[in-house]
Every structure is written in C-alpha cells, then in structure tokens.
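*Asks:* Given these sequences and hints, build the entire structure.
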Amino acid sequence: MSERYGFSLTTFSPSGKLVQIEYALNAVNAGSPAVGIKASNGVVLATEKKSKSLLHDDRTIHKVESVCKNMGLVYSGMGPDYRLLVQKARKLAQEYMLVYEENVPPTQLVKRIADVMQEYTQSGGVRPFGVSLLICGYDYDEDRPFLYQCDPSGSYFPWKATAIGRNFVNGKTFLEKRYSDQLALEDAVHTAILTLKESFEGQMTEDNIEIGICDKEGFRRLTPAEVKDYLAQIG
Amino acid sequence: MGDDILSYNGGVALAMKGKECIAIACDKRYGVQNRTIATNFTKIFQYSDHCFVAFCGLATDVQTVSERLKFRTNLYELREQRKLKPNVLYNMLTNLLYERRFGPYFVFALVVGLDPKTGETFVYDSDNIGAISDNVNLVTVGTASEYIFGLGELFFKPNMNADELFEATSQALLNGVDRDSASGWGAVVYVIEKDKITVRELKGRQD
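Chains A and B are the protein sequences, given in the same order. In terms of full-length UniProt numbering, the numbers along the first sequence are unbroken and rise by one, the last being 235. In terms of full-length UniProt numbering, the numbers along the second sequence are unbroken and rise by one, the last being 207.
These are calculated hints, taken from the structure and not from any lab test. Quick caveat, the model's predicted, so the values are computed rather than measured. All C-beta atoms in this analysis are idealised placements derived from N, C-alpha and C, irrespective of residue type, glycine included. Some hints could be false.
[To be verified] Each pair of labels, with its calculated beta carbon distance range:
hint, chain 1, residue 1, chain 2, residue 2, range
1, A, Pro158, B, Gln46, 30 to 38 Å
2, B, Lys117, A, Gly202, 47 to 55 Å
3, A, Thr11, B, Glu67, 53 to 61 Å
*Replies:* Structure, rendered in structure tokens:
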C-alpha cells in the first residue's frame, strides 16, 4: 500500500499542527488507562484489561509484554497497532544484541522505537500509530531503572511516574501527590494499583488488570495469583 | 608469495595477557612482496580508552577495516554516550567482517581490552570472516604468527606484571620476525594497565 503513495498523509495544517498526530493522541486518550512508576530499584507498569463480554477468555491475551530480558512495554490506544510495535521492538532489541553482544540499554531501544513511530508520520501512504507506549527497562551499565513514554508523533519522554489513556490527567495529579524518590518497588506496585483504581469502574480483580515489574533481575509480568495478593493488601 | 594475498604486504602482531594488564605489539614493515617500501606502518589502532585492535594482512584492508570500524565506534559513542567495552568492540568487528562473508576483507584481527574498574583483561582474535575466539592468554596474527606463537608460548607465564609482560611480548615478537622476511624493520609495543598506557618503540634487526 505504501508503494502506491509517494506522499505522506500526515500533512501540516496552517497553524503548524500535524492534525493526524493530534487525532492519534485522541485515540490514545480514549484507550484504557495505563500507569508507569519508577521506583528506586525498579519500574512497575500497570494497565486496566477489561473484557467486553463475560464470554471472553482473556487469560492468554496480554497487554503488558516483555521486549527482551531487561525491558517491558504497556500501552494505551489501539491494540493491533501495539502488537506491531511489540514485534518491531523485539526485533530491534535482538538486532542490537547480534551486533554488540550486549543487552540493549533502555535509552537506545526507546530511541529506535520512537524512530519507527516517527517514520509512520512521514512516509507515503501510512498513518501514525494509534498508541502511546510506556517502556520500562533496567540499564546494567548505569545500574538504574528507566521509564519512558513514546507518543504517536515519535517524541519520547523520560518519566519518574506517569499515566496515559482515559483519565490520564487525574492519574498524573494522583501520582504527583503520591510519588517520592525513595519509593521501593513494592510500594510502587501499590501506588500503581491505587492510581488505576481512581478511574476504574467496578470491582478490580486479578483478571481485569495486568502488572509488570522490571528490576535488576529483568522484566516479568506478574501472575494473576501475585496480582491477587497485591489487591488483597490494598483492601 | 605472489599468490597468497595474506602475505603480499607482510606484517605481524601479537598480544599477551598479564595480571590486570595487557600487551599488544606489531612490526612496522610495509612491503610489496619482497620490496620493503616503508618502515613506519604500524598495525595497532585504539578504539576506546583501554581497547586496542591490531590488523594484519593486506595493507589496503588493514587501513579500510580499521577506518570502517572507527566509523561504527564513533557513532556508537555518540549515540550511547558511553565508551566501548572490549567484548562489545570485538563483537562489532566480527559482525563487520562477517557482513563480507562471500567477498571478504583480507585481514586477521586481534582485539584486546581492559576494564579499568575491575582490571579484567580481554584478549581475542578473529579470522578474516569473523570467527570468534575465547578470551585467551596469547594471540598472534600475520606472516610470522607461527614463529611468534612458539616463542610466545615459551615466554608466557600466567599473572605477569607489566614489566615482565613487556619483556615477554617484545622478545617473542623481535625474535619471531627475524625468521620471516616479510616482517620486521622495528616494532611497537603497547602495555595497557588500569591507570596508564605505555607505548615503546623497539629497534630490532633492520632487515
């Protein structure tokens, strides 16, 4: 499809905006909320994962995905666009490993993913991705965790804590009050769940949220049993 | 001699491991078959504070590969805002060489490095299509590599300090090149330690 169009569909408006990107951000802001918090020793990613119907068997579809040993992703926005970016991110991480025989540092992978997203705002016949990503990772050289957000425009921001998707403004306000540099990973998980709870309709269970954590050992998604334990601690 | 591309220009390099130090040395001859053209053609290149690579083989490829590797390492340092580690440099080099698997560069390489914080030493070699080796005690490449290997194995002791290492490396190189008409005409030895790098020029038999 992109061979047929020699021109980009993302074009400037008179005011200097790229309207397609604004609309993509609207798609993100309509998506289910996701939260990321960077603790002193790790990062937590959490998202709402509500099924549209009781008949859905959602245990095998995941929103929180690992990219490589030390990095994970979560999103807000269009699921199919996210799937593609996860595949691309995984491939980029492996390409890095093949050339440098080292785990990709989070900053480097984020740049590469953001470049992919930017490409789709300037190439022929394609539209921007309708997702914002929260990317977490552990940098072994600098020995510290990282949290980044990647937008449909291709801009990326490092965060201490952030919320994206529906009600993200309230989420961020909540986090601004709750965040501290001394937060440990355990506390960060609790805070993430509480932030999600602010915009959650109905009862939160281990089946309708997903949590991933990244520390020195690497990235992993929490099992429903572990999520249930955290939820029980919140009460 | 004419048929073998790897001995067209001649030259040799050697690297040895010590206790928290490494030595890498090469000869200085640049020749075209049996004619010596220059005696200042060193084959060792620096890529990071404590990472060095030596290339031996066809002179044009020694120059091109060292420059193309520099291109990649420069971009790495700009992008990543950090210095190269020896094992990463080694992997980049073997990757570069394998890209030309079916039309290869005619250089064999030695990669050495030191971690200034831990004192961990890295000594590797590679053939011209990027076959990787383990992190070993002694490596040699070039037209006199077999002669230097024998002497190197003789003089090598584990955990040598910088001075002993320099002596062992220099003697192995100087005496080895005397057996090879395509190598010699002086030598350069780098001794790399955690806090300093010493470069010494050696005068051997000028023939």
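*Asks:* Now tell me if each hint is right for this structure.
*Replies:* Here is how each hint holds up against the structure:
no.	hint	in the structure
1	Pro158(A) - Gln46(B): 30 to 38 Å	holds, 33 Å
2	Lys117(B) - Gly202(A): 47 to 55 Å	holds, 53 Å
3	Thr11(A) - Glu67(B): 53 to 61 Å	violated, 42 Å
The earlier numbered hint that this structure contradicts is number 3, and it is the only one.
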